[in-house]
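Chains as they are written, first to last, in this note's numbering: chain A, 1 to 308; chain B, 309 to 558; chain C, 559 to 815.
Think of the hints as simulated: they come from the structure by calculation, not from any bench.
In this text, a Cβ means the ideal position worked out from N, Cα and C, and glycines have one as well.
Careful: at least some of the hints might be erroneous.
Claimed, not checked - Just some of the chain C residues that point at chain B, by a computed CB distance under 7 Å:
id : residue
1  : 588
2  : 596
3  : 751
Claimed, not checked - A few chain B residues that don't get close to chain C, going by computed Cβ distances all over 12 Å:
id : residue
4  : 318
5  : 321
6  : 357
7  : 360
8  : 363
9  : 383
10 : 401
11 : 421
12 : 432
13 : 484
14 : 544
15 : 549
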Amino acid sequence: MITAEGLTKRYGPHAALDGVSFQAGTGTIMALLGPNGAGKTTTVRCLATLERPDAGRIVVAGCDVLADPAGVRARISLTGQFTALDPVLTGRQNLVMFGELLGLRRRQARARTEEMLAQLDLVDAADRAVKGYSGGMRRRLDLGVCFLVERPVLFLDEPTVGLDPRGRRQIWQRIAGLREQGTTIVLTTQHLEEADILADDIFVIDGGRVIAHGTPAELKRRVAELVCSVRIDDAGVRARAAAELAWAPHVTQADGGVRLHLDDMAGLQRTLAVLARLGITADEIEVRRPSLDEVFLDLTDRGARMPA
Amino acid sequence: MTGTLHAAGTLARRNVLLLANPRFLSVVFVVPLVFFVGFAAVLHKLLNPLVDFAMFFPPAIVVQVAMDSAITTAFFLAGDRRDGIVARLRSMPISSLAFPLARLGVDASRFAVSATVVVCAGLVVGFRFEGGVLRTLGFAAIAVWFTLALSALTSAIGLRSDDPETVSSNLYLPYLPLLTLSTAFVPISAFPRAVEPVVRNSPVSAVVQALRGFSAGDITGVTLGRAVGWLALLSVVGGVAVVRAFRRAP
Amino acid sequence: MTAVRETWILARRTVLRFGRSPELVVSSVAFPLLLLVIQLVVFRHLVEEFAGGNYLDRLTPAVMLATAIFSLPVNAVGFFSDLHDGILSRFRSMSISRGAFLAGRVLGDTARIAATAGCVLAVAVPLGFSFTTSLPSVLGFAGVFLSGALMFSWLAVFAGALSSSIEAVHSTFGPLVLLAYFWSSGFIPVAAFPGILQPVVRANPVSAVQSAMTALSQGGGLMRPVTYAVCSTAGLSLVFALLARHIFDRRGRAETP
C-alpha cells in the first residue's frame, strides 16, 4: 500500500532524512520509532505531500507523491504533532466544517460530528472554543477530524501525546479497529509501549536513517532473549557480581543492582549459579523478556556511537 | 526603598531592550510624524481663519501621542501577562511598586522622544516657545505628567487582561471621543452649542490648554489649576489602580 | 468538491470566527458609529463654513469605507495567524485549492465589512442622510462600496502574507491605513487640503469611491467619479490579489509538490 525508497530531505547542510526506505502492507499498522529529531515527522510530511523530498520515490495507495499529489491527498487522512484546528471556532463547528470540506453534505457532516463527539467524549465541551481545550481534548478532537471520513490510508504523527492512560487506551482501540476494517496506518511514536501494542511492523529511525526493522518480537529478540535484573544493595558485592558476570553481553551496574542480557538458557543457568555462590536470594532476582525501551536505547545508543 | 529602585531599574532595562527592535523604533519616530503631517494637512485650511495654526496645532499632536502611547502600554502589559512574566515577577521578592515603576519609566522616556519629534516638526511650521525657559519646562512637565498618569490607568486595564489585541481595540473606543470632543483639534467656537459643556470640561481640553498657555507664554492660573487638578486626580486613581492590578494579576 | 463550494465553506468559516467573539463584534460596530457621530459633531461647522453643502452627504460614505479601512489590521492579523497555525497544513493535505483558501478569506472579510457598513448607514439615516436618487443609483452605491471593500480585503490578505510578524503588520500598515482615511475627500473636501496634497488626495481610491457614492446617493455628475472608482478599486484588487497569491505560492512551492 505504501512504499518509500531512498527518501532524502535536506534543510540547508543538514540531512533530516538520508536515504530512508520502508513499506507498509494494506491493512497493517506500521510504526516509525525514533528519538526526537530522528526524522519521523519529516517522513510523515513527505508521505502526506506537505514536503517535497529532495530525492527518493514514494508511492501511497498507488499514487506517486510527486507525480500525483492530488491523488495521494484524496486517499489519506492525517493528524500532526501540532493540532491543526481552528482555535477560535468550537469543537462542533470545527468538525462540521472539516466534514464538509472532506466532501460530506451539510446534514451528513452534522450527523457524523455528533457521532464523533460522542465517541471522543467531547459532547460537554463541544460548544466551547477550541483554544480553551486542554491538550488532551485538543488531541482527541484532532483525531476526530482525522476519523470523520474513511480513507484507505491514515498517518498518525504521535497521536496519543498528552492523553492520560485511559484516553490512550481508547485511541489504541479505535486505531486497532480501523486496521480490522482494512485501513493502512503509519504511526510515529516515542511511546514504545504504543508501538509494541499496536504495530505489526516497526522501522526504527535515528539521525535520518533506518537503523532497524522488524516486528516487535523480532526487535526485542535482537537485543537479547532475556534480561536479568538483580538487586544488590552492598556496593562491594555488586562490584564482585559484575566482575564475575562480565562474560555476559551488556552487563551494567546501576544503583541498587546489576542488569545483564542473556541469549539462552545456558547463560541463565550460569548466571544463577554465580548469584547463588554470592549468596543472593531468589526474591532479589528478576528475569524477563526485554522491553522495547531496552531495544530502542540499545539500537539508538549504538547509532550514537557510530561516527556521524 | 533602594531595593525597589534597583528592581525597577533592572526591569526597566529589560523593557528598553525590547524596544531596541527597529520596528518599535518606527513607532517612536515615524508614527508621530505621520500623525503630525496627516492631521496638519487636513486641518490647516479649515482652522486658519480661526486660530494661529502654528501655535495651536502641535500641542494637539503631543496630547494625541501621549494617549496613543498609553494604549500601547496596556497592549504590552496584557502581552506580558499572557506570557506569564507578570506571574513570575509577582512570585519574586520585589516590591509591588517595582514593576509598574519600570514600565512607566520606560514609557515616559519613549513618550519624551516622540514628543520631541513632534515639537521639532512644529518648529518647522512656525511653532515657538515664547514664554522663556521656565514655561518651556512647564510645558514638558505637564506633557510628561499627562502620559504617566494616563499610562498608570491603562496599565491597570492592561494587567487585567491577557489579550493584547482586545484590550487595545477596546481602549480605542473611549480614546476617540476623549481626543476629539476636546479643544485639542478644534477650537470651542466650532462646536455645536449643545456639546460645548462637554468640551469645556474635558480633561484633555484642560491639558492641551495648559500646553498652549505654556508655549505661548500667557498661561493663566485658572488654566494651570484646571490642568493640575485633572492630572492629580488621574494620578491618584491611576496609581492606586495599577498597584492593585499588579497585586491581583495571576 | 468544486473550488466554489470550498470557497463558500471557507468564507462561512471566516464569518463564523468573527461571530465567536461578541466583544470584537461590538467594538467593530461601535467604533465606526462613534466615528460618524463624533466627526459630524466636531467637523460639521468647520467644513460647511469652508465649502457649504451637507457634511453628512460626504461623511456617510466615508465612514462606511472607514469600516473597511480600519478592519484592515484585524483582517491582516487574522490571515497571518491562519498562515502560521497548523490549520493550513491540514487544508493542504486535504487538497483544498489555494485559490479557494484566499478567496474564502476575502469573501468572508468583505461580508463582515458590508454588514458593519450597513449598520453605519442605518444610523446615518436618522441623523439626516437620505437617498435622493433612483433605485439603479442606489444599487450602484452598494456596488461601488463593495468594490472598495473588496479592495481593502485583498490588501489585508496581502499584508498578512507579506508581514513577518504581527507587530510588523501594525507598524507597516497602521500608518498607511490612517493616511488612506484622512487624506481622502471623505473626511474633508479636496479643496480644503493644501495645494500640494490635492493631487494625492484626488488619486486616493478612497476619495474616488466616496465621491462616486455621494454622487450616486445625492445626484450629480456620475460618469467620471464612478468610472474612476470602479477602475481603481478593481485594478488594485487585482494587483493585491496577484501579489498575495504570488507570495502564498512562493511559500508553498518550497514545500509542496
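Now for the hints, and whether the structure bears them out:
no.: 1; hint: 588; verdict: holds, 6 Å
no.: 2; hint: 596; verdict: holds, 5 Å
no.: 3; hint: 751; verdict: holds, 6 Å
no.: 4; hint: 318; verdict: holds, 24 Å
no.: 5; hint: 321; verdict: holds, 21 Å
no.: 6; hint: 357; verdict: violated, 8 Å
no.: 7; hint: 360; verdict: holds, 16 Å
no.: 8; hint: 363; verdict: holds, 18 Å
no.: 9; hint: 383; verdict: violated, 9 Å
no.: 10; hint: 401; verdict: holds, 33 Å
no.: 11; hint: 421; verdict: holds, 16 Å
no.: 12; hint: 432; verdict: holds, 14 Å
no.: 13; hint: 484; verdict: violated, 5 Å
no.: 14; hint: 544; verdict: holds, 28 Å
no.: 15; hint: 549; verdict: holds, 21 Å
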